[in-house]
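Trainee: Combine the two chains into a complex, taking the hints into account.
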Amino acid sequence: MAKTLYDKLWDDHVIHDYGDGTALIYIDRQLLHEVTSPQAFEGLKLAGRKPWRLNTNLAVPDHNVPTVNREVIEDPISKLQLETLDANCKETGITKFDMFDERQGIVHVIGPEQGASLPGMTIVCGDSHTSTNGALGAMAFGIGTSEVEHVLATQCLVQKKAKNMLIKVNGRVGKGITAKDIVLAIIGEIGTAGGTGYTIEFGGDAISALSMEGRMTVCNMAIEAGARVGLIAVDQTTIDYVEGRPYSPKCEEWDLAIELWRDLKSDKDAHFDKVIELDAANIEPQVTWGTSPEMVTSISGVVPDPEHEKSDVKREGIENALKYMALKPATAISDIKIDKVFIGSCTNSRIEDLREAANVVKGKKVSSDIKLAMIVPGSGLVKHQAEEEGLDKIFLESGFEWREPGCSMCLGMNPDQLEPGERCASTSNRNFEGRQGQGGRTHLVSPGMAAAAAVAGHFVDVRKL
Amino acid sequence: MEKFKTFTGIVAPLDRSNVDTDAIIPKQFLKSIKRSGFGPNLFDDWRYLDSANPLNEKQTRKVNPDFVLNQSPYDKAEVLLARENFGCGSSREHAVWAITDFGLKVVLAPSFGDIFYSNSFKNGFLPVRLKAEEIDSLFNSVESRKGFKVTVNLEEQYIETEDKEKFSFNIDAGLKERMLEGLDDIGLTLNHAAEIREYEQRRKKITPWLFKEVSA
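Order-wise, the sequence lines are chains X and R.
Quick note: the first sequence, position 279, residue 279 per my numbering, numbers continuous.
Quick note: the second sequence, position 188, residue 188 per my numbering, numbers continuous.
Hint data in this document are derived by calculation from the structure and do not stem from the laboratory.
Mixed in with the good hints, there may be bad ones.
Stated by the list, open to error - Using 25 Å as the maximum straight-line C-alpha spacing, the simulated DMTMM-like pairs for lysine to aspartate or glutamate come out as follows:
1) R:Lys212 <-> X:Asp101
2) X:Lys8 <-> R:Glu198
3) R:Lys212 <-> X:Asp20
4) X:Lys161 <-> R:Glu155
Computed from a predicted model, the values in this text were never measured in an experiment.
Here chain R stands alone, though its shape is the one from the complex (with noise of 0.2 Å):
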């Protein structure tokens, strides 16, 4: 995983709350077994007037001109705005797969889906959770100014905008660790190998069924 740096982007307005990871790659798209190329499906059914056909790589598209991430210059932004509850319903990370390879690299709201959220930062991409009114101030910004623009600091934890406004936000120091340095998650869990196999020999004298083989 790449590590998370400082950057400056345009943020574009998705405004609605509970926007479910069905919306962001709707399930007609989960039947590849890769992790890429998922961005051009990213919000299908709002982004497209007509239907996709995976199976048709040459298709041409109908683009809905009314949707936020078709219009210029949100087709270029890193960052998304979204109200309450964004990423929330089923649990497939093809969500932020679509959305990293959209090549956004942030999302704030004031609340996510849990797993959405777990999920956002196995892949270097960053959820914010900002307060309610502090959302409600970015919308008013970025949608009387096209192309507002705000620098995402991971270090200091706060979000400034071009206005010079600064927000802070809270993370946990193991996840803002992991993303800064771009940590293997695996491999720091192997690090503890001999306590994970300590633990096995101690629960399987305590509840011996749970090691029981599940056979065929």
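Excised from the complex, chain X in its bound form (with noise of 0.2 Å):
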């Protein structure tokens, strides 16, 4: 019978089917990181547990860690936390990439750069951005912390099988945009919960022509379209990404892989439950005005009036929206004047996205009505890669600041964090209420758009800077 990639995927982890749906799968990686796992491993140890696996995981801290300054962490609370990763991993023996590491960075952009993260791989971790290695052809998502102690209990967990869904971005995107407006226009298309109890796979030949920078970026906000997983087909692309890398399989092992690996792709006559198609010639580069994913429009489009809304709940939900985001209807988007620029997180902070970013400002000054613009590289491989490449001397000599690599202000977890009534342009994920700070207004965008915004004071078309 054909077959999607999720169903080879899935279909190759089973250990056993209890028949109502559910199965037990086997999980090949855990990623984890100091914020959702200090409880698993606790419960661990009560229960008098050990690591099923041990050496099949891989730790690092992200969420919590200062973008600058980090041999003195003020806060006493994040300090625990990231002591206790410390030793629950001396205590396990798990590897861990600790903060002076150059291998540290965001959970999931050292993932694949490491070659932790494979294609045909099942991938967990506790966080739900770990769809962003489905990128690989991996079945990677996020779980909860009771999950990460079973995961590590167990290397198994039950899991319900979703349904399939196929988004097809046809044809080639115009000059200018992005993988980043590309899933904009996705989850602008389908809504917050247009995935829920489905796996996305992403195709059509806008997607085929992504590097594998762009495609974690789409797979990556698979989450915010309702969807735990979301997976590109491996290619040659795909292939040529991983070779080489640490912890890639190597000589006669590699030529088998790749065997296995080219099969991982849906079977041609594969049936997908829904099957939804874009045209990529019309995607402009995307703007959020609300304060969920799926509140987003162009650059050349205002925001809404709830007015124009039928639905009684949906009506609602812009007027909250507006309420909290101080913006009134009918505001042309370039018109949304803001306060700050962060372009990192694990949606867009690979090298691919600082070259864009680099691109616009090269020459050209960050806006004095800017307070702050930072650039938070994804990894410490990447901001070394980018300073090798002078992309640091490019932003700071335009007015960026250039950071140590985190999460930092896509969440706010370490100080990086926006002021009540600030706005900012994101290169991050969420734009939800108190996201990046307390009464913090997120817009998203690509990181090409938020360093045009850093330049311009305001949203302005990339492409006509």
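Mentor: Next comes the structure, spelled out in structure tokens:
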């Protein structure tokens, strides 16, 4: 029978079928960070259990780490959480990249970067953006802390198989349109619950044409469309990316691996429960205006009027969002002035994202209306490469701050936060109320659009700069 | 985990769709390394008019009187009534810990975020999917009668209102059994230890690179 890529990955990992739509599935890799793991380690210890397969776990601190002066962590609660990860990894023997290791970075950036995330794997982490790794043709999904403990103890999880959805982005995007615009346009189309209960496979020419970095941006936000798993078929781009990474297979194993990986795509006649098609040529630079990623429009658009919404629940949602965001209906997106710019996060902190932003700001200055514009690379290695390419100088000369890697202002668990009422052009993934700081207002955009907004002081079409 | 028993409790209406886990428990409270103590910060940004200082345990907070869970009798509610896509967003299980710590046992909504849904069952908290029109009807009842109660019966899979209106719901048989029996998920999986080892041996031959150590 013809299978989807998701069917293949699922079937390869089933250990026991419970016969009610759920199965016990094997987990090849668990990635750990400091926020969602302490209670899992504690539970394991209290039950007198040991990790089932110690050396398939990889840990890294990312959410709480400061992006400047990391020698001193002023918040004692953050410090304790970071120290707890150290202690747990030391006690169990789990490999961890510490804060001063150049390989440290955002967990979803370092997995693929190190070759710790590979095609065909099942990958989990106590973090919803684990879907990022699906860009490699891996079944990767976020789990809660109880499940983190479950995987530590058994290397397995009981999961319900999701339905299959294919989102095809046909044709080619226009100049200046990035993976971020594609995925925001998709979420605008299907809504934040559009993918709930589904695994989304992204396909079509516009997806195949993306680099691995771009594909990771798309899969990263599958969860923002409600899907735990986002997938992209393996092709030569995938294989070229994986080759030669520290934990990638070598020599004969490499030859064996790529032979298997080439089958990691949906069969021609595979059945999808839902298929959605988009025309890439219609996608413009995207900007969110509300407090949910589905509240998005293009740079040429305006803030919507709740009066035009027929559904009561949706109208109230728009009214709440506009009140929180302090925006009036019919305001042109390009008239929205901003206070801060954040380029980083597991969505957009890889080398290609930094190149895209540098390209825009080269030789230009950050507007004097902007209080802070910061670049936070996704990992120490991304930072290193950017510095070799001279991107740091471009950013510093234009007035950006050049920081150390971590999750930073995507969620502000470290000191990088918005003040109440501040408005931010952000390359992150969530514009929820208070996400970047209590009372802060987030507009999600691509790195190029964030950079352009930094220069202009308000949103502006990056293609016209 | 405690066994889930049939109970009758007050329903608190939270008339919003897409209530995300950042709203349920904001990030400043995720730094704790414990599983308990999150209740006072459930819906913190909505529940209080000032900011929390996690370093000051004796802080007196400025309560927002307009927020439903601050009003009597909803401060003693055991059932939360919400709209579409409740619990979307981040995977933080802290969201469920905050909800149960507050004293809630059940949430009724037309749909849920997938990770929140599965996290709930690990903590004896029951998310119930009802039809949108049933949720509408419950909102009408609850908003017209303060302290409106429902009975939640998981065994028979129904919600019954104090007006004797019954709404049945679906749930996976495995999840239901674990909730009713209060079973330890990890213990159940370890019953399959031999199958897991067998699988590993088989896979080692086909995909040996997946069994290489992740070394420092």
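Trainee: Against the structure shown, which of the earlier numbered hints fail to hold, in ascending order?
Mentor: Number 3 - this is the single hint that the structure violates.
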